[in-house]
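K.L.:
Using the hints, put the two chains back together into the complex; each one sits in its own frame.
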Amino acid sequence: MSEAAVSSAVPAGRSLAFGRRSLRFVLFALVGASAALGASLFHRAASKGDVVKIDLAVPAWFPPAIELDLGARAWPRRLLAGDVAAFTVRLKAEKPLAVRVAVEGDVAGASLTVDGDDHAEDRVIRLAPKRRTNLAIAFSVPAARRGTAMPAEVFLLLDEAGTGRPLGRIPLRVIDTAHGGAATAIGGDHAGHGAHAGH
Amino acid sequence: MTDLDRSTGRIARQTPAVAFLHRRAVGYALGFVLFYAPFTLWVTALNALLGDHARANIHATCLRIQLLDLVNGKGFSLLTVWGASFVLLSGSALLAGPLFCGRLCAAGAISEYLSRLVPDRFKIDWVRWVNPAGMRYGFLVGYLAAPMVGGSIACAFCSYGFLERITTGSLWTATGFLSSSAVITALLWLGLFGIFTKGGRGYCAFMCPVGAWQSGLHALGAKLPFTWKIRFDATACTKCAVCVDECPMRALRLPLGREGPLVYDRHTCITCRQCVAVCKPGALRFARGADGWAEQGPDHAHVPAGRRGEAGA
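If you read the sequences in order, they're chains A and B. According to numbering that gives the first Met the number 0, the first sequence is numbered sequentially starting from 0. According to numbering that gives the first Met the number 0, the second sequence is numbered sequentially starting from 0.
Okay, chain B solo, but in the shape it has when bound (with noise of 0.2 Å):
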């Protein structure tokens, strides 16, 4: 694939987006060796760092666990490699989105450029019957409930340990990670929210607790000025759709014949920035300020059910 780069003149090998998917895939295999057995880089730094003696892999940075103790009272230390991560993602959250979502989770990633190898026919856009942002804050506060009326969720769904799991070689004799409830996430997670979901990331949308907690901190956080979020400039879009087709959360859409302007989900971007990567009239922009989405008039956020991201299908 070849394409014309303005701002040179010269035809580029790839195209943006293919481009941008390579730039994203080194942040998420950083991600990969900060976070997972038997790297687990970040670990090991915030153990020497902090004096904490939290054991090499995932489940020390598990932030679902920080979740549910906050709620459960069951406390708080920040100077862990827990509580030091579960605050610095927080944070990250709050100042410039889920970074941690859109830049480094392997995970995610990986679902999402699986999913990229099969034809788009084979998939479902689930948000043309879904609401994603309801049913991903539902889920959270489901995972939160849950401890609470005799269930248990914290590890039984965890794509993050799956995945960890997979790489060190243990799936098979690892106990809470052969259980039914493990089997089931693989099928959602790689499968029917990942390789035959439309942009592959299903499982990010409705059932990560993660993924809904930095969201919400993100959409609180993009109300203040000097906060980072993608911003949109409404007399620069063509509304030639390339950004409602590439985003892997479906969190862009245009409604049916385009006659309405470009409608953005904040609470389920988590500002990956491959909108921003294919956006050739610069109408998007990953930067502080005014996000310029409100500019849009009052009905901006309205797209009928069933016609979400028609105009880019």
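Chain A with its partners taken away, still in its complex shape (with noise of 0.2 Å):
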């Protein structure tokens, strides 16, 4: 082989080589983002079941319940505490308010979080206009009523902070379609409450 040939073999090696880590990194970027839509997508279409998310303005006068379906859930949340009712509720308001939380019913150990804040228990959330806050509120469903159509209904308790003022009773009602339970309310996705895609 000539020194002309080598030399110009040795580019075009080296640009094949460039080539070849090129489309390796494009196939694999590909296959990552791929793999962040595909898990957001799952993740949307699971947490429908795992957790149900709503708006609610308050004052909430005539709230209409609130309801999960424990039979809609996903495996890897029925493998893990898949008796562990939770809902998101993201409270707005017109005007600034205080508001005490409370839960109200027959669970055990219900946990209350305020954006992320897991010590939130009897709580006073102070509301402004144009912010919202998360609640999230999570129970056990009660070990004798597992297995059943409705095993569980709980109220959440809005009082004005200081003067007792109540602010709405909203039902929080757990069914299990796969016992029997039929919806007798919209969830998490109905008008008029906003759903939203989570986080």
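Take these hints with a grain of salt, some might be off.
Claimed, not checked - Taking CB as the label site, the calculated pair distances span:
id, chain 1, residue 1, chain 2, residue 2, range
1, B, 52, A, 170, 47 to 55 Å
2, A, 127, B, 119, 27 to 35 Å
3, B, 32, A, 81, 31 to 39 Å
4, B, 287, A, 127, 46 to 54 Å
5, B, 68, A, 60, 30 to 38 Å
6, A, 21, B, 233, 20 to 28 Å
Keep in mind that the hints were calculated from the coordinates and are not lab data. Yeah, the Cβ is synthetic: ideal placement off N, Cα and C, and Gly gets one too.
P.N.:
As structure tokens, then:
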């Protein structure tokens, strides 16, 4: 092979290697992007059965029941903590409002989380216009009621801090369509409450 | 384990690798008390400094949300805990690489350290088949694009949030973190991409948008002479492959038969400097100036698929 041939072969080889590297990078970038998009769509679909999420304007005088269907859960959630009911309520108000929140009903160990703060039991939430506050409620379905059509029903109580004026009593209902339960109200996606897509 | 320290002539009780692992662990412990509830010293300090009222938990410094807000046009406020944290993280990555990942991120450290408890024969060396740089940048793009196509991912697959729920004891009552996505996150972060992945940082390599963001900035910053980076002296390298084995991100490789030079992938490096600590000849350094990798020639970054890390395996 002549010197000229060798010198021209080297750049060609380098170019080929560079092309392979680039192709490999692009292919795996597509895989990575697809994985992220697929995971996001899975989360959106699965979270409807995992956690009911709604928007709620305070005061909430005539709120419909918010329902969570245990029978509609995806397998990972059924596998772990399948009996833990979870709701996320995005509270909004048109004017500044101090709201005391509590849960009423036959559930032991119900937890309230305000904007990710886990130690928010009986806390006062200060609502402000144009700002939403995420209130999360979680509780275990009582063992005696598991496997029934309606394993649990509790109420989210909203009172004005200081005066104690009631601002809403929102039913949180757990149904199980796998055991004969049927939706009686519209859950997280109903009109008027403005369901959102989670985080 | 003992080792001769040639600089002092003494027998060290620990190998440099183990000693440096312990040193790094101190940084991760610091990162934990800085960013995670119930401590969150970082948030407390920034709240006091900036007059912000961010809640004292990991969400207050969520860098992923900042990335999303930048892309979706929600705006950006520097004088908040979120904004200041994002700018400091991005600036440090530009100047000195992903130091947060390499020296402070407790979530990444947990999977790495747990992985070291498992024999290598049970672990998968993903870089034999996968291009991690492509995967992580692709995941970052998909993550940012997810809200535009009707998806939702920001907290769904977050190892930070999951770790905080574990440490605050609220995992079983936390709503968002008991989702199906959170269960999958745990299985991937600590399981498949954790203890069963060589290096233990598969989640960091493939699924962490914060890491990918920092690596991208580091790749840009490393081109500047005044920035800190992993530097390489090819003349001092003995191709012992100890660094290849020690790198938790699998960012260093030697070609089959050790015939070619050491290969470095800056796009996956987290500048933890474990490689620098174990390099006895001093071929690897973390310093400013020219990085030295380019002096190997134009083919230095190419290692055929299936041969990555062979020499260190």
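K.L.:
If a hint holds in the structure, say so; if it does not, say that too.
P.N.:
Tested hints:
Hint check: residue 52 (chain B) to residue 170 (chain A), Cβ distance near 32 Å, so the stated range 47 to 55 Å is violated. Hint check: residue 127 (chain A) to residue 119 (chain B), Cβ distance near 54 Å, so the stated range 27 to 35 Å is violated. Checked against the hint of 31 to 39 Å, the C-beta distance between residue 32 (chain B) and residue 81 (chain A) comes to roughly 34 Å, which is consistent with it. For residue 287 (chain B) paired with residue 127 (chain A), a C-beta distance near 47 Å keeps the hint of 46 to 54 Å intact.
At roughly 34 Å, the beta-carbon separation of residue 68 (chain B) and residue 60 (chain A) lies within the given 30 to 38 Å, and the hint holds. Our hint of 20 to 28 Å for residue 21 (chain A) and residue 233 (chain B) holds, since their Cβ atoms are close to 25 Å apart.
Comparing the model with each earlier hint shows violations of hints 1 and 2; every other hint is respected.
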